[in-house]
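Protein chains: 2
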Amino acid sequence: MDSVKALSIKRVTEEGKKEAEDTVTRELPLTIILNNQELVTLLCSPTGLNYLAVGFLSSEGLIKSKDAIKKITVDDQRGVVRVETGEDKEFVDIFKRFITSGCGRGASFYSATDATGQKIESQMEVPAQDVFTLVGKFQHRSHVFRTTGGVHSAALCDTKSILLFSEDIGRHNAIDRIFGECLLRNIPTDDRIIITSGRISSEILLKVARRNITIIISKSAPTDLGVRLADDLGITLLGFVRGKRMNAYSNDWRIVRDGK
Amino acid sequence: MDSVKALSIKRVTEEGKKEAEDTVTRELPLTIILNNQELVTLLCSPTGLNYLAVGFLSSEGLIKSKDAIKKITVDDQRGVVRVETGEDKEFVDIFKRFITSGCGRGASFYSATDATGQKIESQMEVPAQDVFTLVGKFQHRSHVFRTTGGVHSAALCDTKSILLFSEDIGRHNAIDRIFGECLLRNIPTDDRIIITSGRISSEILLKVARRNITIIISKSAPTDLGVRLADDLGITLLGFVRGKRMNAYSNDWRIVRDGK
Chain A
1 MDSVKALSIK RVTEEGKKEA EDTVTRELPL TIILNNQELV TLLCSPTGLN
51 YLAVGFLSSE GLIKSKDAIK KITVDDQRGV VRVETGEDKE FVDIFKRFIT
101 SGCGRGASFY SATDATGQKI ESQMEVPAQD VFTLVGKFQH RSHVFRTTGG
151 VHSAALCDTK SILLFSEDIG RHNAIDRIFG ECLLRNIPTD DRIIITSGRI
201 SSEILLKVAR RNITIIISKS APTDLGVRLA DDLGITLLGF VRGKRMNAYS
251 NDWRIVRDGK
Chain B
1 MDSVKALSIK RVTEEGKKEA EDTVTRELPL TIILNNQELV TLLCSPTGLN
51 YLAVGFLSSE GLIKSKDAIK KITVDDQRGV VRVETGEDKE FVDIFKRFIT
101 SGCGRGASFY SATDATGQKI ESQMEVPAQD VFTLVGKFQH RSHVFRTTGG
151 VHSAALCDTK SILLFSEDIG RHNAIDRIFG ECLLRNIPTD DRIIITSGRI
201 SSEILLKVAR RNITIIISKS APTDLGVRLA DDLGITLLGF VRGKRMNAYS
251 NDWRIVRDGK
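Just so you know, the sequences run in chain order A and B. For the first sequence, our numbering assigns the number 1 to the initial residue and increments by one for each residue that follows. For the second sequence, our numbering assigns the number 1 to the initial residue and increments by one for each residue that follows.
Worth flagging that the hints you see were computed from the coordinates, not collected in a lab. Hints may be right or wrong, so weigh each one.
Stated by the list, open to error - Output of the computed footprint for chain B on chain A, the stretches with three or more beta carbons under 8 Å from beta carbons of chain B:
{"#": "1", "region": "61-73"}
{"#": "2", "region": "154-162"}
{"#": "3", "region": "173-186"}
{"#": "4", "region": "208-215"}
Claimed, not checked - A few chain B positions that, by computed beta-carbon distances, are all more than 10 Å from chain A:
{"#": "5", "residue": "R26"}
{"#": "6", "residue": "E27"}
{"#": "7", "residue": "N50"}
{"#": "8", "residue": "S59"}
{"#": "9", "residue": "K70"}
{"#": "10", "residue": "S142"}
{"#": "11", "residue": "I162"}
{"#": "12", "residue": "D252"}
Backbone N, C-alpha and C define an ideal beta-carbon position, used for all residues, glycine too.
Kindly generate the complete structure, drawing on both the sequences and the hints.
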């Protein structure tokens with residue numbers, strides 16, 4: 001399914017209206033069914049539905065590894081992904097916790113490293129110039145794909161290049177789709193960098209922490225809770241990376257001058 | 001609780017790092033408890049929590065009117081709002097449907113007017129110039145309050161002025177908070193206009209349709225599903241309203257030239 005759609009619209013100015021054609025981003029309701037239990041319906045862009053579904057389940061702690069997955073069936077016309085793990089019983093319990101929604105998360109996640117169980121200990125260092133170059137590549141790529149306005153982008157990177165790139169109407173989906181692809185294609189995420197076009201809130205921070213991401217970068221702003229969690233979890237959080245400037249909100253020691 | 005927080009950060013350029021102070025937006029996990037049932041935890045800006053909770057419950061169809069509410073208790077330090085309706089039994093049922101999440105919504109809402117039960121029949125017309133003026137006021141107001149980057153704004157308007165204004169880290173919350181305030185303060189929403197800084201996706205469209213909003217305006221883009229629903233539901237959807245230009249995606253007959 002195309003991720004954009006052409007529409008007839010009216011362009012309106014003070015002088016009046018004109019017929020025109022515009023391209024809008026598509027939005028698909030995607031229902032994820034885990035072991036025959038209808039789990040959730042995400043509103044998302046209609047691409048990489050298998051990656052998105054698996055990434056979402058992994059973000060929610062419902063799938064731990066690729067080996068746990070017995071079968072994935074994608075119906076992209078109806079917007080349904082079925083994932084089978086053959087571990088019915090276990091998932092019923094987890095499912096119930098999940099279903100009581102953000103509540104459990106609210107209680108446990110926000111106390112600190114409970115969310116991920118471990119602090120990021122990576123000693124990797126990145127020259128500031130490499131960050132600027134990476135974000136430049138990210139913006140170029142987003143710009144090429146973004147004909148329509150309303151999408152968020154995310155990328156998995158090493159210190160030199162973009163490894164995976166994803167766009168979605170939701171900033172959470174864009175990141176989940178990347179982690180789903182990592183899981184299904186056995187792409188490691190340790191010591192990697194995530195770039196997002198969106199705000200870095202606590203949920204985004206916890207998503208990347210679960211995958212041992214070392215550095216998270218945004219062109220946009222973090223929230224105070226995002227910063228506090230990044231600080232606690234040993235993650236380097238960079239915001240407002242624009243041109244040759246950025247703000248380092250936590251663990252800035254990983255960002256070094258060139259040649260150092 | 002303040003909606004922003006000052007932090008010590010490092011500003012990084014090619015030349016090196018400097019200590020600096022930055023202001024970030026606060027993010028609060030807000031748990032909504034309806035009739036002693038923990039319903040959901042929203043991540044939101046820490047203002048107008050009573051309005052946000054009531055707006056959320058109303059958007060989800062769990063509260064129909066102000067009269068249904070017996071008591072609201074806000075604990076803004078712990079991030080908890082308790083709403084009591086005295087209708088335990090009924091809400092248990094609705095709660096269960098809700099808890100199976102977007103699924104039910106996915107199935108029913110996207111078939112069309114089911115979501116709201118009625119098409120917007122309002123014959124109101126608005127000069128294009130008034131739309132440009134309103135959005136100018138909205139942007140000015142957002143700009144004044146937006147010191148931190150990461151927030152969305154929403155406003156309830158008549159054709160001439162902003163009646164209610166809300167900012168939040170989530171575009172859904174910003175709109176729900178406005179509708180919560182409308183409900184608690186008996187402010188009518190029929191024949192009103194909603195302006196949002198965010199993308200108009202199907203969920204946003206359905207939120208406003210439930211309140212008989214006639215025109216929805218964004219500086220940003222709609223999705224194809226947002227446009228289709230607006231078309232079906234008789235709502236005028238205006239996107240990319242910038243300066244003296246805009247795109248009319250549906251029911252553009254309500255936008256007229258000045259003096260007509």
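Verification of the hints:
no.	hint	verdict
1	61-73	violated (count 0)
2	154-162	violated (count 0)
3	173-186	violated (count 0)
4	208-215	violated (count 0)
5	R26	violated, 5 Å
6	E27	violated, 4 Å
7	N50	holds, 18 Å
8	S59	holds, 15 Å
9	K70	holds, 22 Å
10	S142	holds, 14 Å
11	I162	holds, 21 Å
12	D252	violated, 5 Å
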